[in-house]
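Visitor: Sequence:
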Amino acid sequence: MAQTRDAFRHQPSTAMPPSVSVLLPGIAPVPAVPGRNALDAGASVRIDRAVPADASVLMALCDEQVAEHAGRWRAQARRDAMPLEFHEALFDPPVRAWAWLVRVDGREVGYAGATAGVAFPEGAYYLNVEALYLRPAWRLRGLEQRLLAQAHETARQLGCTHLAWRQPQGTTPHARAAVGGVIECRLAVEG
Numbered sequence: 001m002a003q004t005r006d007a008f009r010h011q012p013s014t015a016m017p018p019s020v021s022v023l024l025p026g027i028a029p030v031p032a033v034p035g036r037n038a039l040d041a042g043a044s045v046r047i048d049r050a051v052p053a054d055a056s057v058l059m060a061l062c063d064e065q066v067a068e069h070a071g072r073w074r075a076q077a078r079r080d081a082m083p084l085e086f087h088e089a090l091f092d093p094p095v096r097a098w099a100w101l102v103r104v105d106g107r108e109v110g111y112a113g114a115t116a117g118v119a120f121p122e123g124a125y126y127l128n129v130e131a132l133y134l135r136p137a138w139r140l141r142g143l144e145q146r147l148l149a150q151a152h153e154t155a156r157q158l159g160c161t162h163l164a165w166r167q168p169q170g171t172t173p174h175a176r177a178a179v180g181g182v183i184e185c186r187l188a189v190e191g
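The numbering of the sequence shown is the UniProt record's numbering, which starts it at 1 and goes up by one.
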């Protein structure tokens, strides 16, 4: 356990987990509907961990998500810069939060963000998906699963026991549909 804690605590902020394109066990892919939600043949899909240069696009996506859920989250003025707390948690050691951008043919179309926590009573680290957002035109194309798969891989690399995603009741239907309607999921992470 001490080795896992040390690996978690000292992971450098520059370590970028590789992109993954596998689906999580237990989360079925959303079938593509030709002409509706299929990605174009040959589309280039990348999921990259956010770096400081991505701050403005990450904040723009967060602002879009807040605007879409105006009744659930406190509305705030559009941000010109990343709040200091976000920047410190995402990029300054010790890293406490992770964000990934999904890009299709070079365009940012969504993101996911996660924070680390301690699971009680297990007394072990876990990774909690705090946000998952895709611009409306990109929903239900399998990108939700890819973002979750990236979070799952990061949890594994950090030595976490599981990945959690607790979706509030107001979660957009596309996010629930993308994972088979699950409202709460806890996926074991195996080394």
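A hint or two may mislead.
Cβ pair distances, simulated, as ranges [as the list claims (entries may be wrong)]: (1) Leu-84 <-> Arg-46: 26 to 32 Å; (2) Ala-53 <-> Pro-121: 16 to 22 Å; (3) Arg-166 <-> Gly-106: 21 to 27 Å; (4) Gly-123 <-> Val-57: 34 to 40 Å; (5) Glu-88 <-> Val-57: 38 to 44 Å; (6) His-69 <-> Arg-96: 22 to 28 Å.
Read the hints as simulated data drawn from the structure, not as lab findings. Ideal Cβ positions, reconstructed from N, Cα and C, are used throughout, including at glycine.
Visitor: Could you check the structure against the hints above and give me the numbers of any it violates, in ascending order?
Guide: 2, 3, 5
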